[in-house]
Amino acid sequence: MICETGVSEELENIVTTALTIDTSQLRTILDSCEGGDVDETWHCRALKRLSPAIHCIRNVFAELPVDSFQRKAEFLRWTSAEADIQDCFQQLQSGDPCGPVLAVLRTTAILEHSLGNVLFGKNVQVPFLLKDILTADQLHEVFGPELMLLLQVIVGPPQSLNLRNIVWHGFVRPEEVDSSLGEHINQHCNPEIHSQRQRKQFSLERHTAVLCDFDGLPFNEDRFLSTLKGSPFVLPGRMQYWLTCVDLLKRASYAKCLMLALPQLECMLRVLYTKVNNCSHRLLTAEMVTFYTTLDEILAKEMEPGLQNAARSTLGDPHFEMFLDIFSYLEGPRLRDKISHGEVNLETVTERLVHHIFHLAALTCSIELPGDANENSYITVLRKVSNNYRAHFHPSQLLMRKTVQAVDKLRCLKRNLEGCDDITTEANKDQLDACISLLGKRWDIELRGDWDSSLLADVEFLATSIADSVPTTVFRPRRELMVVTLLRQMCDEACITLDHLNAMLASRAQGLSSRVLRSRQRENYKRFVECVPVLYDGIALTLWIIYCCLQRINDTDRLDEFQFGKLLKILKAVVKFAENLHSLTSPTHNRWLESCKLCRESIAPVLQYLKNDSTTLFLSLKHPIS
Numbered sequence: 001m002i003c004e005t006g007v008s009e010e011l012e013n014i015v016t017t018a019l020t021i022d023t024s025q026l027r028t029i030l031d032s033c034e035g036g037d038v039d040e041t042w043h044c045r046a047l048k049r050l051s052p053a054i055h056c057i058r059n060v061f062a063e064l065p066v067d068s069f070q071r072k073a074e075f076l077r078w079t080s081a082e083a084d085i086q087d088c089f090q091q092l093q094s095g096d097p098c099g100p101v102l103a104v105l106r107t108t109a110i111l112e113h114s115l116g117n118v119l120f121g122k123n124v125q126v127p128f129l130l131k132d133i134l135t136a137d138q139l140h141e142v143f144g145p146e147l148m149l150l151l152q153v154i155v156g157p158p159q160s161l162n163l164r165n166i167v168w169h170g171f172v173r174p175e176e177v178d179s180s181l182g183e184h185i186n187q188h189c190n191p192e193i194h195s196q197r198q199r200k201q202f203s204l205e206r207h208t209a210v211l212c213d214f215d216g217l218p219f220n221e222d223r224f225l226s227t228l229k230g231s232p233f234v235l236p237g238r239m240q241y242w243l244t245c246v247d248l249l250k251r252a253s254y255a256k257c258l259m260l261a262l263p264q265l266e267c268m269l270r271v272l273y274t275k276v277n278n279c280s281h282r283l284l285t286a287e288m289v290t291f292y293t294t295l296d297e298i299l300a301k302e303m304e305p306g307l308q309n310a311a312r313s314t315l316g317d318p319h320f321e322m323f324l325d326i327f328s329y330l331e332g333p334r335l336r337d338k339i340s341h342g343e344v345n346l347e348t349v350t351e352r353l354v355h356h357i358f359h360l361a362a363l364t365c366s367i368e369l370p371g372d373a374n375e376n377s378y379i380t381v382l383r384k385v386s387n388n389y390r391a392h393f394h395p396s397q398l399l400m401r402k403t404v405q406a407v408d409k410l411r412c413l414k415r416n417l418e419g420c421d422d423i424t425t426e427a428n429k430d431q432l433d434a435c436i437s438l439l440g441k442r443w444d445i446e447l448r449g450d451w452d453s454s455l456l457a458d459v460e461f462l463a464t465s466i467a468d469s470v471p472t473t474v475f476r477p478r479r480e481l482m483v484v485t486l487l488r489q490m491c492d493e494a495c496i497t498l499d500h501l502n503a504m505l506a507s508r509a510q511g512l513s514s515r516v517l518r519s520r521q522r523e524n525y526k527r528f529v530e531c532v533p534v535l536y537d538g539i540a541l542t543l544w545i546i547y548c549c550l551q552r553i554n555d556t557d558r559l560d561e562f563q564f565g566k567l568l569k570i571l572k573a574v575v576k577f578a579e580n581l582h583s584l585t586s587p588t589h590n591r592w593l594e595s596c597k598l599c600r601e602s603i604a605p606v607l608q609y610l611k612n613d614s615t616t617l618f619l620s621l622k623h624p625i626s
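Note that the UniProt record's numbering gives residue 134 to position 134 of the sequence shown, counting from 1, and the numbers run on in steps of one.
Any given hint could turn out to be false.
[Unchecked claim] In silico DSSO-like pairs for lysine-lysine, Cα to Cα no more than 27 Å straight-line:
no., residue 1, residue 2
1, K301, K275
2, K402, K414
3, K441, K402
4, K597, K569
5, K441, K429
6, K569, K611
7, K576, K441
8, K414, K229
9, K429, K597
10, K572, K597
11, K414, K429
12, K402, K572
13, K402, K569
14, K402, K200
15, K402, K526
16, K200, K131
17, K597, K526
18, K301, K338
19, K576, K414
20, K611, K429
21, K131, K48
Think of the hints as simulated: they come from the structure by calculation, not from any bench.
Build the full structure now, drawing on both the sequences and the hints.
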């Protein structure tokens, strides 16, 4: 259907002199489509009836000089993306074979985000999908029912032309999208709307900074393209996309490059998925009434209930998780979703991110290259990176990263304490010894030293132990994620508390040395310094509990219901302690004696849980209860 739309010997002009749609003429066309229900057959009739009008739009814009379009482009102001849409128009006239596809990719993302902003400005919850946005009554009131119905015909539900989805999911070859379709989408604007509230767009800077796996591998155009050309995962007619992507990369058009590459990466994965799962009939299907294969299915655990997705075993977990990291994990960049829905600030798309995607595409293509490919140094490095890959955005890995930060802050606190004189503490060493000893037993973890309170002072050993933890992260059970969530809560609270303590120590020490502290402030500082060792022990114990859980996190689902319930009780008690300590040590409270009391008293309930003979936790996995 997409190839036939806009191909007509007839012409029907619905473009005004202001380059917008003549809604009265459009209403006449839509009214001529028989049937009141907007179903599959209605969409087919509407597209056939609209083809002459779409064909006319192509002719009008083909003859329109760029400067004329720019002068009349004030009707684009409501999108806050005038320059981008004008650039799309230039692209359509450039003769670039991928120009129409790239224009559709860009304008559908802009359109979706802009229409969502209109709803946002009216305090309406913005739907996640474009097809649902288009049915919003508020948009029909603003733009008129004719324009919104036309948009539903072009980029609406699966029963429509569904242009947005088939392009973004990588189902089309460059020549299958006519320039008239890109031009048609550009016309759905209301000149009376000049501005509205804007939703904040998503920045990729923080995520890109973490994706450093390929940093030591320079991008080589020839090696990259030759790897793709030899791969069966690049379908006939698709290599032009990658050639254009490389050209855009050389011109530093990183956002355009990424937009064009993502659907082709999905197409590449779909070829692999349908091959290894023996479902070749799902490769090119993007029909109105047929479920088609997208990234959600390609990166799922199962192909269907009870049948494992063979793409995971074919790629291997590290390689498979590279895709989960950038496309699926909730705290990752979720590139395809966020860029296709217009949610990303495209200025934050960098060369580094594009290189990451390119190297990942080449790595995927390399798995079915001829045998001599193993001698290719580029592929050798790619595979080495893949084999050593550890997830960046899985909750367990985020917990590990945050725990490492907490240990660094604890190290800083210890260093600050070394400069304090005459520190005395009544820290309950016996209870700490007993508590830490039971941690080792109940979690069934062996250390090179003893499980006693001396561990609390050994920050370097704690840091090394955490860094050596390598939990499995692909498709973990719900129980495991419940535990990780609690651990992240206590780690976040510990980090905030440590920040408070370090800032207070630094500022008060500076004030003391500068002799600017009053008598009362000096007394308060003295009490604070005397309390810090106790607070240190409480936080260090918290981090050791996190370490123990990290070590056995992949065994969590093996615990029976009773032991799992015991584990949750202990962790929730520690979370409560961490929250209360954060509150008492905050700059607005500074209740040091109460904080000390909290640290001492919070050990008792944890110790009581651990001492209970029925609390075997992970030890029960090794020595089952008879």
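Cross-check of the supplied hints:
| no. | hint | in the structure |
| --- | --- | --- |
| 1 | K301 <-> K275 | 16 Å, holds |
| 2 | K402 <-> K414 | 18 Å, holds |
| 3 | K441 <-> K402 | 25 Å, holds |
| 4 | K597 <-> K569 | 21 Å, holds |
| 5 | K441 <-> K429 | 18 Å, holds |
| 6 | K569 <-> K611 | 14 Å, holds |
| 7 | K576 <-> K441 | 23 Å, holds |
| 8 | K414 <-> K229 | 57 Å, violated |
| 9 | K429 <-> K597 | 14 Å, holds |
| 10 | K572 <-> K597 | 19 Å, holds |
| 11 | K414 <-> K429 | 18 Å, holds |
| 12 | K402 <-> K572 | 19 Å, holds |
| 13 | K402 <-> K569 | 23 Å, holds |
| 14 | K402 <-> K200 | 26 Å, holds |
| 15 | K402 <-> K526 | 31 Å, violated |
| 16 | K200 <-> K131 | 22 Å, holds |
| 17 | K597 <-> K526 | 17 Å, holds |
| 18 | K301 <-> K338 | 22 Å, holds |
| 19 | K576 <-> K414 | 24 Å, holds |
| 20 | K611 <-> K429 | 17 Å, holds |
| 21 | K131 <-> K48 | 21 Å, holds |
Hint violations for this structure: numbers 8, 15, all remaining hints satisfied.
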